[in-house]
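Undergrad: Residue strings, one per chain:
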Amino acid sequence: AAGVIQSPRHLIKEKRETATLKCYPIPRHDTVYWYQQGPGQDPQFLISFYEKMQSDKGSIPDRFSAQQFSDYHSELNMSSLELGDSALYFCASSFQIQYEQFFGPGTRLTVL
Amino acid sequence: QKEVEQDPGPLSVPEGAIVSLNCTYSNSAFQYFMWYRQYSRKGPELLMYTYSSGNKEDGRFTAQVDKSSKYISLFIRDSQPSDSATYLCAMISGGGADGLTFGKGTHLIIQP
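Read top to bottom, the protein sequences are chains A and B. Read in the numbering used here, the first sequence has 100 at position 100, and its numbers run on one by one without any break. Read in the numbering used here, the second sequence has 10 at position 10, and its numbers run on one by one without any break.
It is possible that some hints are incorrect.
[Said to hold, decoys possible] Using 27 Å as the maximum straight-line C-alpha spacing, the simulated DSSO-like pairs for lysine-lysine come out as follows:
id: 1; chain 1: A; residue 1: Lys57; chain 2: B; residue 2: Lys70
id: 2; chain 1: A; residue 1: Lys57; chain 2: B; residue 2: Lys2
id: 3; chain 1: A; residue 1: Lys13; chain 2: B; residue 2: Lys42
id: 4; chain 1: B; residue 1: Lys67; chain 2: A; residue 2: Lys57
id: 5; chain 1: B; residue 1: Lys42; chain 2: A; residue 2: Lys15
id: 6; chain 1: B; residue 1: Lys56; chain 2: B; residue 2: Lys67
[To be verified] Covered by chain B, according to a simulated footprint, are these stretches of chain A (three or more residues, beta-carbon under 8 Å):
id: 7; segment: 24-38
id: 8; segment: 53-64
id: 9; segment: 104-110
[Said to hold, decoys possible] Partial chain B-side listing against chain A, Cβ under 10 Å, derived:
id: 10; residue: Lys2
id: 11; residue: Gln31
id: 12; residue: Gln38
id: 13; residue: Arg41
id: 14; residue: Lys56
id: 15; residue: Gly59
id: 16; residue: Phe75
id: 17; residue: Asp98
id: 18; residue: Thr101
id: 19; residue: Phe102
id: 20; residue: Lys104
id: 21; residue: Ile110
id: 22; residue: Pro112
If you are wondering where the hints come from, they were derived from the structure by calculation, not from laboratory data. Small disclaimer: the values here were computed from a predicted structure and weren't measured. No residue lacks a Cβ here, since even glycine has one placed at the ideal position from N, Cα and C.
Using the sequences and the hints, build the whole thing.
TA: Now the structure itself:
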């Protein structure tokens, strides 16, 4: 079965640079969620989109923004990167705000 | 105090044993409860999904929810070395594309 696709899988950036993470949900899923997982931590919810509209917002820094496109893929844009932004970033998707969220493999971001 | 409490372990048991994993929570608005399995540096994999109080069984896994006690459990029967992973409980109140609230995760080790 098709799963959530995230790209890139690994990303290395310098402080103050920008990064863009991409997420392609499971086919027919219309809801996308972004999570950040620091080392040894549980995933923290950042933001979600349903039918291309922002739906819920968690602990997303103002330096980050995201959007969902007409084909339902989503991008997380991160600016003025800080060392503390180094983490695993997961995208999850669901069908019509059902509560079963399926996670992608993650993007490992390292900020030097 | 976190909304969801989970013993991080590690929990080490011999192969074939019954494993019991638990979470407590404080937010009475939570209605949907999930268990995810996460291998090191991989995305969380949805194992069980339950609504409100009660039991749900799927193969070797049984999930229990007691909303009156704000306590959820996951039981793994006939545990295998391949079950060694971190198990995260997650919950959500519902009503939109809400982000999941996770426990810290329990690191489980099944000894061959």
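Undergrad: Can you verify the interface hint for Asp98 of chain B: is its Cβ closer than 10 Å to any Cβ in chain A?
TA: holds (5 Å)
Undergrad: Quick one, is the Thr101 of chain B hint okay against chain A at 10 Å, beta carbons?
TA: holds (7 Å)
Undergrad: Would the pair Lys57 of chain A and Lys70 of chain B pass a check requiring their Cα atoms to be no farther apart than 27 Å?
TA: Holds, at roughly 25 Å.
Undergrad: Are there three or more residues in the segment 24-38 of chain A whose C-beta lies closer than 8 Å to some C-beta of chain B?
TA: holds (count 3)
Undergrad: Does Lys42 of chain B sit within 27 Å of Lys13 of chain A, going by the straight-line distance between their CA atoms?
TA: holds (21 Å)
Undergrad: Would you check whether Phe75 of chain B satisfies its interface hint, that is, whether its CB is within less than 10 Å of any CB in chain A?
TA: Not OK, violated: Phe75 of chain B not within 10 Å of chain A, min 20 Å.
Undergrad: Restraint: Pro112 of chain B near chain A, CB-CB cut 10 Å. Satisfied or not?
TA: Where the cut-off is 10 Å and the nearest Cβ of chain A is about 26 Å from Pro112 of chain B, the hint is violated.
Undergrad: Does the alpha-carbon distance linking Lys67 of chain B and Lys57 of chain A stay inside the 27 Å limit?
TA: holds (26 Å)
Undergrad: So, Lys56 of chain B near chain A? Judge it on the closest CB pair being under 10 Å.
TA: violated (13 Å)
Undergrad: Does Phe102 of chain B pass the interface hint, meaning its C-beta sits closer than 10 Å to a C-beta of chain A?
TA: The hint holds - Phe102 of chain B has a Cβ within 10 Å of chain A, the shortest such distance being about 4 Å.
Undergrad: If you take the shortest Cβ to Cβ gap from Gln31 of chain B to chain A, is it below 10 Å?
TA: Check passed: Cβ of Gln31 of chain B comes within 9 Å of chain A, closer than 10 Å.
Undergrad: For the pair supplied as a hint, Lys42 of chain B and Lys15 of chain A, is the alpha-carbon distance within the 27 Å limit?
TA: The hint holds at about 25 Å.
The structure fails to meet hints 14, 15, 16, 21 and 22 from the earlier list, while all remaining hints are met.
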